[in-house]
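Asker: Given these sequences and hints, build the entire structure.
Protein chains in written order, with this note's numbering: chain A, 1 to 445; chain B, 1 to 173.
Straight-line C-alpha distance at most 30 Å; calculated BS3-like pairs for lysine-lysine: (1) A/Lys285 with B/Lys45; (2) A/Lys372 with B/Lys45; (3) A/Lys14 with A/Lys297; (4) A/Lys279 with A/Lys432; (5) B/Lys45 with A/Lys279; (6) A/Lys14 with A/Lys426; (7) B/Lys45 with A/Lys297; (8) A/Lys113 with B/Lys45.
Don't read these hints as lab results, they were simulated from the structure.
Chain by chain, the residues run as shown.
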Amino acid sequence: MAHSTHEIPSTEEKFEFKSETKRNLIIAALLGVVMVAIGSFLLSKGWSIGVWESHGGEHAAVGHESAGHSEHGGEHGATLFTRIIANIWMNSVYFLGISIVGAFFIAYNYIAKAGWSSSIKRVAEAMPSFVIVSGLILIILMALPSTRHIVMHWTHDGIMDPVSEHYDKIIAGKAWYLNLPFYFIRLIAYVVVWYFGWKAIRKYSLLEDEMGGLENYYKGRNASKLFMVFFAVTASTSAWDLSMVIDTHWFSTMFGWYHLASWHVAGLATMMLIILLLKDQGYLKIVNESHLHDLGKFIFGFSVFWTYVWFSQYLLIFYANLPEETIYFRERFTGFQGRYWWPFHISLVLNFFFPFLILMARNSKRRPTFLKLGSVSVIIGHWFDFYQMHMPGIAKDQGGIGIIEWGTTLTFASLFIYFVANELSKANLYPKNHPFLEESMHHDI
Amino acid sequence: MADSKYLVGVFDDGDELLHAVEDIRHQGVKIHEAYTPFAIHGLDKALGYSFPRMGVAAFLFGITGTCCALLLTFWTMGVDWPINVGGKNFFPFPTNIPIVFELTVLLAAFGMSFTFFFMEDLGPTSKPIIFDVRSTDDKFVLAINLAKNKLSENEISKLLKESGASEVNVKEV
Numbered sequence: 001m002a003h004s005t006h007e008i009p010s011t012e013e014k015f016e017f018k019s020e021t022k023r024n025l026i027i028a029a030l031l032g033v034v035m036v037a038i039g040s041f042l043l044s045k046g047w048s049i050g051v052w053e054s055h056g057g058e059h060a061a062v063g064h065e066s067a068g069h070s071e072h073g074g075e076h077g078a079t080l081f082t083r084i085i086a087n088i089w090m091n092s093v094y095f096l097g098i099s100i101v102g103a104f105f106i107a108y109n110y111i112a113k114a115g116w117s118s119s120i121k122r123v124a125e126a127m128p129s130f131v132i133v134s135g136l137i138l139i140i141l142m143a144l145p146s147t148r149h150i151v152m153h154w155t156h157d158g159i160m161d162p163v164s165e166h167y168d169k170i171i172a173g174k175a176w177y178l179n180l181p182f183y184f185i186r187l188i189a190y191v192v193v194w195y196f197g198w199k200a201i202r203k204y205s206l207l208e209d210e211m212g213g214l215e216n217y218y219k220g221r222n223a224s225k226l227f228m229v230f231f232a233v234t235a236s237t238s239a240w241d242l243s244m245v246i247d248t249h250w251f252s253t254m255f256g257w258y259h260l261a262s263w264h265v266a267g268l269a270t271m272m273l274i275i276l277l278l279k280d281q282g283y284l285k286i287v288n289e290s291h292l293h294d295l296g297k298f299i300f301g302f303s304v305f306w307t308y309v310w311f312s313q314y315l316l317i318f319y320a321n322l323p324e325e326t327i328y329f330r331e332r333f334t335g336f337q338g339r340y341w342w343p344f345h346i347s348l349v350l351n352f353f354f355p356f357l358i359l360m361a362r363n364s365k366r367r368p369t370f371l372k373l374g375s376v377s378v379i380i381g382h383w384f385d386f387y388q389m390h391m392p393g394i395a396k397d398q399g400g401i402g403i404i405e406w407g408t409t410l411t412f413a414s415l416f417i418y419f420v421a422n423e424l425s426k427a428n429l430y431p432k433n434h435p436f437l438e439e440s441m442h443h444d445i
Numbered sequence: 001m002a003d004s005k006y007l008v009g010v011f012d013d014g015d016e017l018l019h020a021v022e023d024i025r026h027q028g029v030k031i032h033e034a035y036t037p038f039a040i041h042g043l044d045k046a047l048g049y050s051f052p053r054m055g056v057a058a059f060l061f062g063i064t065g066t067c068c069a070l071l072l073t074f075w076t077m078g079v080d081w082p083i084n085v086g087g088k089n090f091f092p093f094p095t096n097i098p099i100v101f102e103l104t105v106l107l108a109a110f111g112m113s114f115t116f117f118f119m120e121d122l123g124p125t126s127k128p129i130i131f132d133v134r135s136t137d138d139k140f141v142l143a144i145n146l147a148k149n150k151l152s153e154n155e156i157s158k159l160l161k162e163s164g165a166s167e168v169n170v171k172e173v
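Answerer: Here it is as structure tokens:
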């Protein structure tokens, strides 16, 4: 109301997904696969480009300090293939989270009856279209025995059988939760319910564009509530199932929060980056610096929240100093010739210190340049976060950051952008009949 | 403030007040202050207020808290009475972070509150001028200090009326 003279932009705006962009994205995805192939070839020849890469397994299983894996690691020593599978698993989990956060964002904004976010809603709505890709990759990796043995230590033969020489009493005690049928039920439930929960929210939102009225808004809100109830539980359990059980012996009660916080802030940063890139191309004229400021506050706040949870987990383990818990950080600090020390600390810098300093001031949260810097830092930082969550448990002494990692990430990122852009182009960029769109246009803080 | 003469414009609507502020300031009249029953979006910009530098105060108080907490934990745990906890260092950094965090927040919050009370003259000894008691109920009030304006009383009064004031009163303090 303050600026009675300002112009109201049109609510008709459609994103055009150019065939040229499509082609480039597919080329980038294929380039990623080629990079993985080249990286693997070079590594198998004993050459390495990149950091912390071991040379053809010559350091294999040299005195690493992992209590859980040393007993069983022998017959399943990490190889180059392990490293590739670890990368695919890690990126699937990371991009699964970034995608589903789009639906999470809409759901909590619907439940809170938030008005400001309705003009950026379509961006969040497009993101979860990638859930099905990540989800299917995870299901396939778990369905194939050769790959699931690489990722999940607890699926090894005889590990829960008391007469077997591989028997592990601690893991056998978790058999009621960690058994294949139950695991598959959970994994498929996450992917299917998240995907179709998002589909329902999306359906009502698109119907609203056609029909107008409040009916579809209420339906969308009910779908959001149901989604939220399911997501509240599965955000935690999926964190255990996708990331925590890789280090099967170890557990942390903070892990669900920590994992969700990581997904959430990475998803918000991705959303911010998509919005800014769309604005750079002349789309989303309704989105003003107050919207960016609000979303920037979300990113700032949740990167601090991530740090808070991360530190709470760390402090308890540090202070209690129990060997079965500290092994987790020991693997990351000094284990495997210290190769995970850098990813662990880079993650802290990029996820906390850098965005904290750069996004603290009000003015920087209203300037696209600063927001882009902060978002990119958070997105890369949480890639490192997931890297250090998954790699020490899966790739062990084969972990590294080189062409294979860049290639896998490039493939996943290109596919993700392809899916999101494709979904964005299917509908109007604003929910033009949304009851709160008018409020969002005048958003002013 | 003795013997200051104020013109008090009373408005019935927040929007009217907002536009009146824009119009009147455009005419070169200096406004003493606007009083409204609730916050009005954009009024601070219309009045020409710069963004408050409370963040600077918050930072200074916060960093004081951080330093105090580090000094406190370092002195008590590391120097004056070192206690061996689980074989750790006498001054393990992660252990102190909760205290450092708490004291930072505490000093920043109290410091900001007191700064605000001091800067806005809201302390227990302050004697605020009530231009119109209805500004806490349903009226939107604009006060203009005549001594600080070049225009005459009649001209400003006319301006206020033209921009929608339902009544214009004179208040001498």
